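For chain A, the structure is supplied; the task is to place chains B and C with the ligands on it using the hints.
Protein chains in written order, with this note's numbering: chain A, 54 to 319; chain B, 4 to 302; chain C, 455 to 1258.
Treat the hints loosely; a few may be bogus.
[Claimed, not checked] Listed next, with one range per pair, are the computed distances between beta-carbon atoms: (1) A:Asp256 with B:Ile221: 35 to 45 Å; (2) C:Thr1027 with A:Thr193: 54 to 64 Å; (3) C:Asp616 with A:Pro121: 22 to 32 Å; (4) B:Val145 with A:Asp256: 41 to 51 Å; (5) A:Ala241 with C:Gln884: 54 to 64 Å; (6) A:Glu118 with C:Thr1197: 18 to 28 Å; (7) A:Ala229 with B:Tyr101: 25 to 35 Å; (8) C:Ala1121 with A:Thr193: 51 to 61 Å; (9) A:Lys233 with C:Leu1019: 43 to 53 Å; (10) C:Ala1121 with A:Leu210: 53 to 63 Å; (11) C:Pro913 with A:Asp204: 54 to 64 Å; (12) A:Asp256 with C:Ser1036: 51 to 61 Å; (13) B:Ala218 with A:Ala229: 46 to 56 Å; (14) C:Lys1202 with A:Leu210: 50 to 60 Å.
[As the list claims (entries may be wrong)] A few chain B residues facing chain A, derived, Cβ under 8 Å: (15) Val66; (16) Asn162; (17) Gly173.
It should be emphasised that the hints constitute simulated quantities derived from the structure, not laboratory data. Predicted model, so just to flag it, every value in this text is computed and none were measured. Even glycine gets a Cβ: it sits at the ideal position worked out from N, Cα and C.
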Amino acid sequence: MATIQAGESYGFFTDTSVCIGCKACEVACKEWNQLQGDSPSFLADSFDNTGTLDAQNWRHVKFIEHVPDQSATTGNGTAWLMMSDVCKHCKQASCMEVCPTGAIIRTEFNTVFIQQDVCNGCRNCIAACPYGVIGMNSQTGTAHKCTLCYDRLQGGLEPACAKACPTQSIQFGPLAELQKAADVRLAALHSQGVKQAQLYGRDDKVYGGLNAFFLLMDKPETYGLPNADNAGLPSRNDAGGYLAALVTGVLAVVAGLVAFRRRVTG
Amino acid sequence: MVYLAAEHFASPPQWTWYILFYFFFAGIAGGSYVLGTLLRLSGDPRDEAAARIAFYVAFPATVICPLLLTADLGASWWKFWHMLVDVTPGDTGLNFKYWSPMSVGAWALLVFGFFATVSALDSWLRVVPMLLNRLFNIVGSVFGLFIASYTGVLLSVSNQPVWSDTWALGGLFLASGLSGSAALIALLIRNRPEASISLGRLHQADGYFSVLELALIIVFFITIAVAGVLSRVLPWLPLWAIAVAGIAGSLVEARGHTRMQAAGGSATVAGVRLDTVVVSLLVLLGVLAMRAAVIFSAQ
Amino acid sequence: MTNHWRDIKNSDLILINGANPAEAHPVGFQWFMRAKLDRGAKMIHADPRFTRTSAVADMYLRIRTGSDVAYFGGLINHVLQNSLFHDEYVRNYTNASFIVKEGFSFKDGLFSGYDATKRTYDIASWSYETDSTGFAMRDKTLQNPRSVFQLMKTHYSRYTPDMVSSITGIPVADFMKVADLVGQMGKPDKVMTIVYAVGLTHHTTGGQLIRSGAVLQLLLGNMGRPGGGMNAERGHANIQGNTDHAISWEILPGYLKIPAPGQKTIADYVAGSAPKKSDKNSWNFFGTNYSKFMVSTLKAWFGDAAKKENEFAFSFVPKPAGNASWMTIYDQALKGKMEGLILSGMTAASIGPDSNQVRQALGNLKWLVVMDALPTTSSEFWHAPGVDASQVKTEVFMVPTTHWIEKDGSFVNSGRWSQWKDQVLPPQGQARHDHWILADIFQRVKKLYQSQGGKFPDPILNLTVDYKDPLKPELDEIAKEINGKDLTTGKQMTSFALLRDDGTTTTGDWIYTGSYLDSGNLMKRRQGVQDTKTNDPTGMGFYPNWSWSWPLNRRVMYNRASADLDGKAWDPTRPGITWNGSKWVGDVPDYPPTMNPHDPAAWLPFIMNGEGVGRLFSNSMLDGPFPEHYEPVESPVANPLHPGNSASPVVFLYDKAAGRPDRFGTATDFPYIATSYRLTEHEHYVTQHVPHLVQLQPKPFVEIPYELASEKGIKSGDQVRVSSKRGKVEVLALVTKRLGAMTVAGQKVYQIGIPIHWGYVGLSADSDSSRGRYWLANALTPFVGDANARTPEFKAFLVNLEKM
Ligand SMILES: Nc1nc2c(c(=O)[nH]1)N[C@H]1C(S)=C(S)[C@@H](COP(=O)(O)OP(=O)(O)OC[C@H]3O[C@@H](n4cnc5c(=O)[nH]c(N)nc54)[C@H](O)[C@@H]3O)O[C@H]1N2
Ligand SMILES: Nc1nc2c(c(=O)[nH]1)N[C@H]1C(S)=C(S)[C@@H](COP(=O)(O)OP(=O)(O)OC[C@H]3O[C@@H](n4cnc5c(=O)[nH]c(N)nc54)[C@H](O)[C@@H]3O)O[C@H]1N2
Ligand code: SF4
Ligand code: SF4
Ligand code: SF4
Ligand code: SF4
Ligand code: SF4
Ligand SMILES: [Mo]
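Excised from the complex, chain A in its bound form (with noise of 0.2 Å):
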């Protein structure tokens, strides 16, 4: 890959047909960000015992059983789906809009940073990302996901989820080579008459385009990821909201000037 420059969108394409589940990006993501994990737990779904993204898991590779109990399936990423999830470095995004201390940036790179000293721990990013991607770190007092590895983009290395995934299930570069790699992909797959596939985040149907997207075997909702008519900015519940309150606030002030009308008797 040639050099990474700032002023260029970087991101990932995630092919999750060729995805084998192997949490590599899992882990490499832990060790270079050194961060502990959760307490093990066996949490009885599938291969997955990470659970959730969220302050000690930056990756999370989720695994959904469709296998059909039979002998023969085609496989190919349709029956046992795997993926793995991570920040989507949205073009528009919801933690970014609320985050009330500027602790949220966009980086030279185009990716999505929370700045740690600016962080204060609010977690209004957390109620707002539709992904569910930010986690508190009580030790720090800060939220936490991942940082699309701002400091290697900087010293010129790819992401370490990517340069350890071994199947290029995970691909990391310029935003305009991945799409034109995932649509090539995509075509493939539908020519070999794969024609669940689709592409999520890859326009700008969610979130004004994802610099994390992904290649899916089903419908996005099956992922756990919030399809083109489910996905909003927070900011959508402004007007209504404040509406809704200002209604009720010259109501209240008119039943309150009404409740409190001077006395005609002594």
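Relative to the frame of chain A, chains B and C with the ligands by itself:
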């Protein structure tokens, strides 16, 4: 407004007890301030004693708010001021995002804190001339209304199930905050017999607010049902029941006092009776319970 | 592997049996995905469980464990019956045309020559008819009824799709889909690879399972070709290096046989061990050079003490009378015939079959030395949960060694590439390198012999230890020694073809000759993808200047078979080596570089065999010249082919042979089939010490088919007990549709999956109140070995399942 097919995959922000009490006190602070102002604007001089109680209530309730918020920040508590000042290297300045209720709220709390403090001081020292005072109260009340309501909007401006599926929360929190404030002031009249003349009116106001609140609860449930997340609210029905009990109490109490007035009897009640104590406590409990029900149903 | 990892990208069809590469070889698996993504290759995975490999395969077949001989047999039958084999290849490059001696027979599951009391075959009747010159008779028309081809056709005719389905549980329609795909791979412009690992070897039919694949590949003309081959994915990072350097008891370095009792001279040894030339065009390279390899090895070991006059010190080499394979060691300990044991980099208490019995064996020792970087179930066996430490007499020594990450040296991967690595961390604590510990022990033993004498001091006193510091040899020095040198010139040997048996050359392991030249250590070479044009001139992914592979840096073995009789590539888009009119070009040729293919004396392609061709029929297996399906020793059904001889008649039954009580169960008490295997998240037992990996798979569990779980009221996360005749595990249940019921021999059977990674040592055990008392998967497995390698049957046994 965008209506979403309400399937959410957001993580809960773990806003729990500190935030619950913050929401409660913000409602009381803003609500009391507004009631104090309305008593002064609409009532007669005999209501001044009750108005002062209102401002006395608004002050400590306001002071507690930033403390609760700071405590909620946990290990980062000392960075509370980052809400107002952006310390991003190379991009320092004041933080203000009109589309982020938390950002606006932080400023509103600061400004309202000023109003609440001055008004409480003045209630004690009585130095500000009346007209100026009224004007000051009116402006302060605008912030009071904001403080009492924006917390509901803040919840809605998110991607959490329930919270972001309704637009009623801001209004609901305001109505309930006002109702709770009226109940609290009524309760406190116990220690201020000279204010008991306002008791009936406070109950009456509480009644109106409760009607508003009830209407908004209905709107809330309808919006939630339409979004298909009713199931997340149902486990918290007992809390809603407490809130509704508060509303019912207010209505009964208000009806009693309205009758009394209509009967032309001396509109003065000798002092706070047991019914006021019970109803007021129930209303306040309801204010807390309703907020708890809303906060918990998303997380 | 006959081929190598990167080569898998050259395949059209990838048949995966008895391996779960996405989980056990995730990095190598990138080449499977490249084949799929870049050339639209198809991937077929047959496995009892739907695994992470199945998830990305094009077809998944739920197969009953231990039944792949039948699956391959069905494919072979399909290819033979429909003449889908690669005709030119089969005629010229395999022993299909060889005539088998009268007297060979196969009936009711038994080949000729069976001795029921000894439970062994006399394999003399499995040989070729010879002519007056002593060479095998051939019929290139393949019509002779005693030709290998015709015998084979008859043998496999029983493996009809219905029979395959009845044995394997694979529905006929699904099997036929695979047969159609595989059947196309006999065309010269198509090539298939077969990939396997311990899902085939861990059976009492292990050897024959692998031969089945090889036979299919020979028929389809896929051996020796890029994108083809029979590819074993090896285990630990350096398990290939282990076997190359003779970790197994029955071989010397470079797969020379261990001498047998009675062999007094090199000539005796070669006569008893080396392959014999059976065709005039067979080079028989191995057989011809056997004595050169052996003598050069002896020269490396014993230096000046190895002289022509003393048969190059051949008498110094042990000549074991009995079997000494892994299980035999513990069997001997159980019998009280072992005094002590040194375990290095291996934890006996977890890994062997019937671990309760193995633990008993360890308790029968006087002393046990564990050389390891970390505590293991062996170093801690004496105070394992439930064990009364005061009752264990064994004295246990823990010798802290460096972990591989704390030393340099080579890793040899499955593709035979010996890649030199650097030390990553300095040794921690008091750890010492294994080779330093061994060197130290050796010097001390030597001193004892020097001072006190002994029965046979010669091998000890004369062993060469020509290192700068004999107590602290460097691995680089050892690598140089292994390559060998010319004693006359003092120069490093450049090829094993130049080794001599006159005492003027040395080698530590002849297959590594050429790896360390005067110019330096070729295993350190790193000319790779930085510059693909220069470093991969053929574009086939050979990268000849990246590390070094044996033999002689050849990337695809038997590559003469990648070209036709004229020396042209079967598929010009995927050449191995080709004849350019004056020499062979492409990969490093497995053939004399300038031997003209049209020369009447041109050697046949498989230069290592006595026959010079690939063996469809083999007389070097102890359990049959053709693969035959036998049931696992514990099976819920009788063999549908020959119920009278259900399991292999020559498996080695240790308990029976030692007179211990029978420890096999039957389907009445233990109705479910179990298999054991790995998970991506752990490496055997050692990663029980790695927090990040323990988080990924924190608790021992078994995988249970959904339907069976419903019958038993078991839900995911419930505690269950799985028991066999030998022991039990008490772990959590993971209920899944990835396993399911199947119909075998008309009967409904269930398979249960048991990951192997937990025991009573490590973070998971530390956090458990019972300290992982019933967590050892091998508490369940049977103590029985296959006839050839004595490999245990880890992959097929009977269990019962209860909800706790
Ligand atoms: N993550 C990880 N990787 C490893 C290791 C590890 O411990 N962890 N160990 C390394 C070592 S030492 C080795 S030897 C290799 C082993 O590599 P593999 O052989 O791939 O590993 P296993 O998981 O033991 O078995 C492979 C598969 O065989 C299936 N199987 C069982 N019986 C049969 C059968 O009769 N027929 C067929 N077709 N399939 C069957 C099992 O269900 C399993 O999915 O892995 C190496 N790589
Ligand atoms: N039921 C069942 N049993 C099985 C299998 C199965 O599939 N099913 N698979 C079998 C197979 S294929 C294998 S390979 C075995 C694996 O069994 P083992 O090889 O015993 O397993 P590991 O945990 O890899 O053990 C390696 C040990 O080597 C140590 N070590 C690492 N580097 C060094 C070094 O440089 N020097 C020394 N001295 N020690 C070092 C590690 O700390 C670790 O304790 O299990 C076998 N057992
Ligand atoms: S995925 Fe969530 S955390 Fe990441 S940029 Fe989008 S909104 Fe922010
Ligand atoms: S927790 Fe930190 S990053 Fe998130 S919204 Fe609050 S200040 Fe911003
Ligand atoms: S980009 Fe870096 S921080 Fe983000 S998931 Fe990958 S390794 Fe972790
Ligand atoms: S490293 Fe790659 S293949 Fe492995 S789980 Fe992550 S995304 Fe999937
Ligand atoms: S652990 Fe090492 S040997 Fe095994 S797949 Fe990963 S890189 Fe390869
Ligand atoms: Mo292994």
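inquiry  = A range of 22 to 32 Å was offered for this pair. Does it hold for the Cβ distance of C:Asp616 and A:Pro121?
reply    = 24 Å, holds
ask   = Between A:Asp256 and B:Ile221, does the C-beta distance stay in 35 to 45 Å?
value = 40 Å, holds
Hint status (Cβ of B:Val66 to nearest Cβ of chain A, threshold 8 Å) = Hint on B:Val66: violated, closest Cβ of chain A at ~20 Å, above 8 Å.
query = Can the suggested window of 25 to 35 Å be confirmed for the beta-carbon pair A:Ala229 and B:Tyr101?
reply = 34 Å, holds
query = Does the hinted range 54 to 64 Å hold for A:Ala241 and C:Gln884 at CB?
reply = 56 Å, holds
request  = Just tell me: holds or violated, for the beta carbon distance of B:Ala218 and A:Ala229 against 46 to 56 Å?
outcome  = Hint holds: Cβ distance 53 Å, inside 46 to 56 Å.
Outcome of range test on Cβ distance (C:Ala1121, A:Thr193; 51 to 61 Å) = Cβ of C:Ala1121 to Cβ of A:Thr193: about 58 Å, so the range 51 to 61 Å holds.
C-beta pair C:Pro913, A:Asp204: status relative to the range 54 to 64 Å that was hinted = At roughly 58 Å between Cβ atoms, A:Asp204 and C:Pro913 fall inside 54 to 64 Å, so the hint holds.
Per-residue hint verdict: B:Asn162, partner chain A, C-beta under 8 Å = 4 Å, holds
key: Hint check for A:Leu210 and C:Lys1202 - Cβ pair distance inside 50 to 60 Å   = Since C:Lys1202 and A:Leu210 have Cβ atoms about 55 Å apart, the given range 50 to 60 Å holds.
Range agreement (Cβ of A:Asp256 with Cβ of B:Val145, hint 41 to 51 Å) = Because 43 Å falls inside the window, the suggested range holds.
key: C:Thr1197 and A:Glu118 - C-beta distance against the hinted 18 to 28 Å   = 23 Å, holds
The structure is inconsistent with hint 15 alone, although it conforms to all the rest.
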